[in-house]
Amino acid sequence: MESVLKTAFPFIVVAVGIGAAFGGVMMIVAYTVLAERKVLGWIQGRIGPNRAGPWGLFQPFADLLKFIFKEDLTPDKSTKVVYFLAPLVALTCALMPMVVYPFGPAITTVDWSFLPWGLGEGYHVLPLTIGQIDVGVLFVLGITSVGVYGIALAGWSSNSKYSLMGGLRSSAQMISYELAMGASVIGVVMLAGTLDLNGIIFAQIRSPFKWFIIPQVIGFFVFLISAFAETNRVPFDLPEAETELVAGFHTEYSALKFALFFMAEYVNMFTVSVMCTVLFLGGWYIPGLGHIFEPGSIPYAVASMVGFVAKICAFLFLYIWVRGTLPRFRFDQLMNFGWKFLLPVALGNVLLTIIVVFFLNR
Amino acid sequence: MATTVLFFIFAGIAIACAVSTVYQRNPLYSAISLVGVFLSLSGIYVTLAAPFIAAVQVLIYAGAIMVLVVFVIMLLNFDDEPGRNRLKYLYVMGIGLGVLLLGQTFYIYSAVMRVPNVAIEQTKTAGKTLSIGQGMYTEYLLPVEIVGIMLLMAIIGAVILVRRLNQPQLELVVENELEDERLEEGMLN
Amino acid sequence: MEPSLASYLALSGILFTIGAVGVTFKRNAIGMFMCIELMLNAVNLTFVAFARYYGDVTGQLFVFMVMSVAAAEAAVGLGIIIAFFRNKESVDVDDASLMRN
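Chains as they are written, first to last, in my numbering: chain C, 1 to 362; chain P, 363 to 551; chain E, 552 to 652.
Because the hints were derived from the structure by calculation, they are not lab data. Being a predicted model, the structure only gives us computed values, none of them experimental. Incorrect hints may have been included.
Result set (DSS-like, lysine-lysine): computed pairs, CA atoms no more than 27 Å apart in a straight line [what the hints assert, rightly or not]:
#: 1; chain 1: C; residue 1: K161; chain 2: C; residue 2: K80
#: 2; chain 1: C; residue 1: K80; chain 2: C; residue 2: K70
#: 3; chain 1: C; residue 1: K66; chain 2: E; residue 2: K639
#: 4; chain 1: C; residue 1: K38; chain 2: C; residue 2: K66
#: 5; chain 1: P; residue 1: K490; chain 2: E; residue 2: K639
#: 6; chain 1: C; residue 1: K70; chain 2: C; residue 2: K38
Which bits of chain E does chain P cover? Going by a derived footprint, with three or more residues having C-beta under 8 Å, they are [said to hold, decoys possible]:
#: 7; region: 593-604
#: 8; region: 620-634
Even glycine gets a Cβ: it sits at the ideal position worked out from N, Cα and C.
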């Protein structure tokens, strides 16, 4: 029993970590939905949801209950297997990047002595990341690009012309903007010299700028704009343009299947916010925090995590703000903007970064 | 041990998905099965200490090429594959080819099994992004340049293949060709 | 215990066989295209396996090249398929025998 527990201990730690990260991310996502409705309400001079709980705080859970109890309709001539598969693919691909998020700095002074049988002996470092993957940036980009299947298959399998048009538009849009997104990341990767997300944060700490948004301001804006397009948010929400396509790819989805798509969209928003924060805003790093707490201690890690979440929330607020402010693009405008403006700008940024890095390293 | 278990799981998924790719009549089902093959191969690459290749496999094959294929299938929206090939001898050829290749595979398997092949100790750098980048831009610079030019050619080829000329553009092309002919005639005279 | 090099080669050979048989059996151009991608992937697996078992990064570099070729092939191949579909309203390769009769 004891030896089994000892072997299993690292796995238990990772499992607890996954549970904590999943719970935290889902809570943030749930309250993003509420915040979106509240902020949109304020922007439009309304109050927003305020019935469930004080200030409408229980609204996300009420929504979830409603989704569960609604009737689950399946279109008669839909392709059943694919129709069920699509929302699962969408949500899975949205949640997978969570594995590499650097939630905070590693705690080096961790003390497991309260555990029985000397379980934690030999483990002094607790990284606040689920998995240290050497190619974190590529992993996130790859998994999010697989997420397109969820939308495309949903559009195809519903056997409805609105869904099909929505699915086609979204796949075209996502393929187009992925290029600009990837090209805008290259500048950061070149400055950092690594694809590991934690490594990128440490590279920012070492650099004289502290945050890569200063040398990579062009890359930042290209990334931000293509992130809006990748997550199908206003002003790029063509796949679900209500006036033209009813509800786009999820026209035929109801109840829990629709809830999965809905959650996937907000988790994707969270993902690109995390990427924006880590690549351009120093991740969990807060300049000057090392003078207050000792790096590696628990208070330092907690303060860093709070800073990380605060930066993410700022981006989520930006999303909502833009949604309340900007009108929608036309589809040809969207394509022209992506291919003829964003991609050349991103490539120019790569070229500029290459030249600067080359002359700085001489 | 864990590697072996993972290998057999991923290998099973890969073979099942590959068979399904060939078996399915509906091209979209074929495409989904093929994505399954790519993802499980990516898992095998991770166990082979090649995380960069694994990530690129997901990014390029599953995320770019197959999305394009699915997009084309949805766009063209053609019917399921009807009946059988008109060329019957292709079936005989296919089965013969399959038997031949399987025999070859078995021969290679037994031949390699006889030689003791122990995986060398994993070095710190092999398979990491840094070593791949260094190899690409020092020893294999020329192939990389050639691949770049080939990609450029593919872009131009694809654009020219699928462009649809409207009437004034068509007239312009015809006019240009006539002009060329006239010039040639002038040069001949 | 790790799986031996031979088992990786066997998997690769099986996948290649399935792909090759698929190319001869399939009728529509997109199906054939996908089977060719399957064959390319089978070859990639041997490259990565050899790179692992001989501790040389060259194999992984070659995989990179193969992937670039596959991407170029996808662009041009799908372009041809679309152009063909526009002319013939079909993606059946048997319909592409204009020069035959």
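Hints, one by one, checked against the model:
{"no.": "1", "hint": "C:K161 <-> C:K80", "result": "holds, 17 Å"}
{"no.": "2", "hint": "C:K80 <-> C:K70", "result": "holds, 19 Å"}
{"no.": "3", "hint": "C:K66 <-> E:K639", "result": "violated, 50 Å"}
{"no.": "4", "hint": "C:K38 <-> C:K66", "result": "holds, 19 Å"}
{"no.": "5", "hint": "P:K490 <-> E:K639", "result": "violated, 48 Å"}
{"no.": "6", "hint": "C:K70 <-> C:K38", "result": "holds, 24 Å"}
{"no.": "7", "hint": "593-604", "result": "holds (count 7)"}
{"no.": "8", "hint": "620-634", "result": "holds (count 14)"}
Going through the hint list in order, the structure does not satisfy hints 3, 5.
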